[in-house]
Amino acid sequence: MPSRPCTALATDTAKAETEDGREARTRPRFRPVGSRLGALILALNLLSLLILFVGALALNEWRRGLIEARQESLMAQAELMSNVLGELGITTGVPTPALDEYETARWLRDNFVPVGQRARVFDRDGLPVADSYMVTEAIPGAPLDPALPAATPVPEPDLEAEVEEDRRLEQARLELATEIETALTEGPQAGVRRDESGNRVISVSLPIRHVRQELGVLTLEAADVDEILAAQRAALMPFAIVALVVSLFSSLLLHLFVARPVMRLSAAADSVRLQQTRAISMPDLEERRDEIGDLARSLETMTRALSDRMETIERFAADVSHEIKNPLTSIRSALETLPLVKAEAQREKLTALLQQDVRRLDRLITDISNASRLDAELARDRPRTVDLTALLSDIVDVYQTSPKPGDVPLHLSINTPGPTRIVGRDGPLGQVIRNLIDNARSFSPPDGSVRLTLDRAPDGSQDIRIRVEDDGPGIPVENLETVFQRFYTSRPKGTQFGSNSGLGLSIVRQIIEAHGGRVWAENITDPDDPDHITGARFVLALTPLHTRP
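Heads up, the sequence shown stops at 859 in the numbering used here, and the numbers go up one at a time, no gaps.
Watch out, some of these pointers could steer you wrong.
Here are the simulated EDC-like cross-link-like pairs (lysine to aspartate or glutamate), alpha carbons at most 16 Å apart as the crow flies [stated by the list, open to error]: (1) K714 x D748; (2) K659 x E646; (3) K635 x D672; (4) K714 x D757.
DEER-style ranges, computed between Cβ atoms [said to hold, decoys possible]: (5) H565 x P424: 48 to 58 Å; (6) D757 x P786: 20 to 30 Å; (7) D704 x A653: 50 to 60 Å.
Worth flagging that the hints you see were computed from the coordinates, not collected in a lab. Glycine included, C-beta positions come from ideal geometry on N, C-alpha and C.
Required output: the full structure, derived from the provided sequences and hints.
Here you go:
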């Protein structure tokens with residue numbers, strides 16, 4: 311029983327199913343929650359910033375608490391001292407009381423000696439009365455205050471330094487005068503300012519009262535603000551060190567889990583480019599469930615597809631060489647024999663053989679050229695919506711309106727409700743339908759027919775099926791897959807030699823698989839006698855538009 315012409319550039323169904331399963335297994339999964347590596351990078355960077363932010367907030371609150379506590383301590387101490395100065399009668403002037411400079415200085419010397427603090431008393435006009443830093447000068451014969459610094463040599467005058475010093479002193483005195491004035495008019499004051507030496511001090515100022523009479527203002531200063539800030543910076547160092555360690559650790563993780571795998575993939579791609587290998591294979595990276603794993607699987611799939619394509623091209627070139635060599639050998643033999651033949655009948659027979667081989671060679675080269683351009687055409691032709699009902703109707707109308715002598719009838723049946731649209735290319739799909747119709751007509755007897763049916767798959771998959779049936783001798787069971795191999799052809803007796811190249815069905819499979827579909831062949835049997843074959847059927851299964859992801 312004759313077999314079918316076969317024209318496929320794809321491999322057998324088992325290999326196609328294996329590759330489809332491998333592609334489905336290695337295809338990157340869609341992640342609606344975003345990028346895992348992006349989330350890791352963001353989390354690690356935010357963690358280091360969060361550590362510094364929390365540390366700064368905590369230390370800022372600690373600093374504020376320390377300063378407030380220091381101010382409260384100074385305020386309590388100043389209230390006690392102002393009450394004592396107002397109640398001890400250290401006053402002069404009758405009937406208006408006023409602070410006595412000598413007695414006030416003596417009292418400060420005898421009762422106020424805390425280290426790091428400075429007490430100053432001002433009268434109601436804001437003029438200085440006593441200063442704990444200068445009580446020894448205010449009291450003749452008093453011993454020197456050991457807290458005062460030793461005398462130092464007077465340096466050379468520096469005009470810029472003197473101007474800056476004068477400006478700083480003027481600013482410090484202005485701030486002090488403002489604080490004293492505010493304390494006299496509004497009550498106790500507390501804050502942080504600069505003193506005459508340029509140091510930041512915690513300062514409190516309270517009015518000194520005798521009964522209801524304002525005598526002056528007591529100002530207490532603590533010059534340990536810089537120490538508090540230094541302690542704050544020292545306390546911030548652990549947070550900064552932890553943030554630095556976290557940043558270094560995150561950088562190391564990014565190097566280990568991102569940079570190095572990308573470098574390995576780059577090196578593997580270079581090895582493929584330099585033809586050291588045919589495909590990338592890195593199982594340790596492909597098992598990762600992040601973008602690096604997706605990249606590794608995509609590169610492996612891509613290089614494997616390229617390797618398969620190269621192998622297909624190599625096999626195709628070998629097959630083409632073999633198929634072209636046969637008619638060329640026959641032509642060469644006929645040409646070598648032709649001069650030796652004297653009988654006219656034999657010369658005409660050799661000439662006819664030469665013409666057949668030339669037609670066969672021309673047909674073969676034409677089909678090879680079409681098959682070679684197919685991939686490029688599929689890549690250039692942008693997919694769009696194709697209505698299979700309209701496409702089949704147009705093709706059948708062309709066959710029915712321009713019949714050729716000896717062509718068997720062609721019938722079209724649309725057995726599916728609703729739309730039959732797919733995403734594809736109408737040109738290559740039309741070529742598939744015409745190849746199958748021509749193939750079925752070539753095997754159908756003169757009293758037979760070719761039936762083209764459009765329906766849905768009965769297995770519930772919602773695939774759209776196109777069936778092309780004939781009344782020919784059928785296909786041997788062992789050749790149901792072989793017919794799709796390229797250059798395979800087995801024609802019925804009486805078929806014109808060289809009219810088929812064996813690439814038609816191969817092109818059919820190549821186009822259908824490029825559209826994400828399937829094609830297979832099966833025999834039509836008599837329902838009453840399953841062993842009796844009444845024809846052949848080619849089935850195309852395509853995914854409809856509304857079910858595509």
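Now for the hints, and whether the structure bears them out:
With a C-alpha separation of about 12 Å, the suggested pairing of K714 with D748 holds against the 16 Å cut-off. This hinted pair checks out: K659 and E646 have alpha carbons roughly 14 Å apart, not beyond 16 Å. Distance check on the hinted pair: K635 and D672 sit about 13 Å apart at the alpha-carbon level, within 16 Å; holds. Between K714 and D757 the CA atoms are separated by roughly 15 Å; this keeps the pair inside 16 Å, and the hint holds.
Taken as a hint, the range 48 to 58 Å holds for the pair H565 and P424, whose Cβ atoms sit roughly 56 Å apart. Checked against the hint of 20 to 30 Å, the C-beta distance between D757 and P786 comes to roughly 23 Å, which is consistent with it. As the Cβ distance of D704 to A653 is approximately 53 Å, the hint placing it in 50 to 60 Å holds.
Checked against the numbered hints above, the structure breaks none of them.
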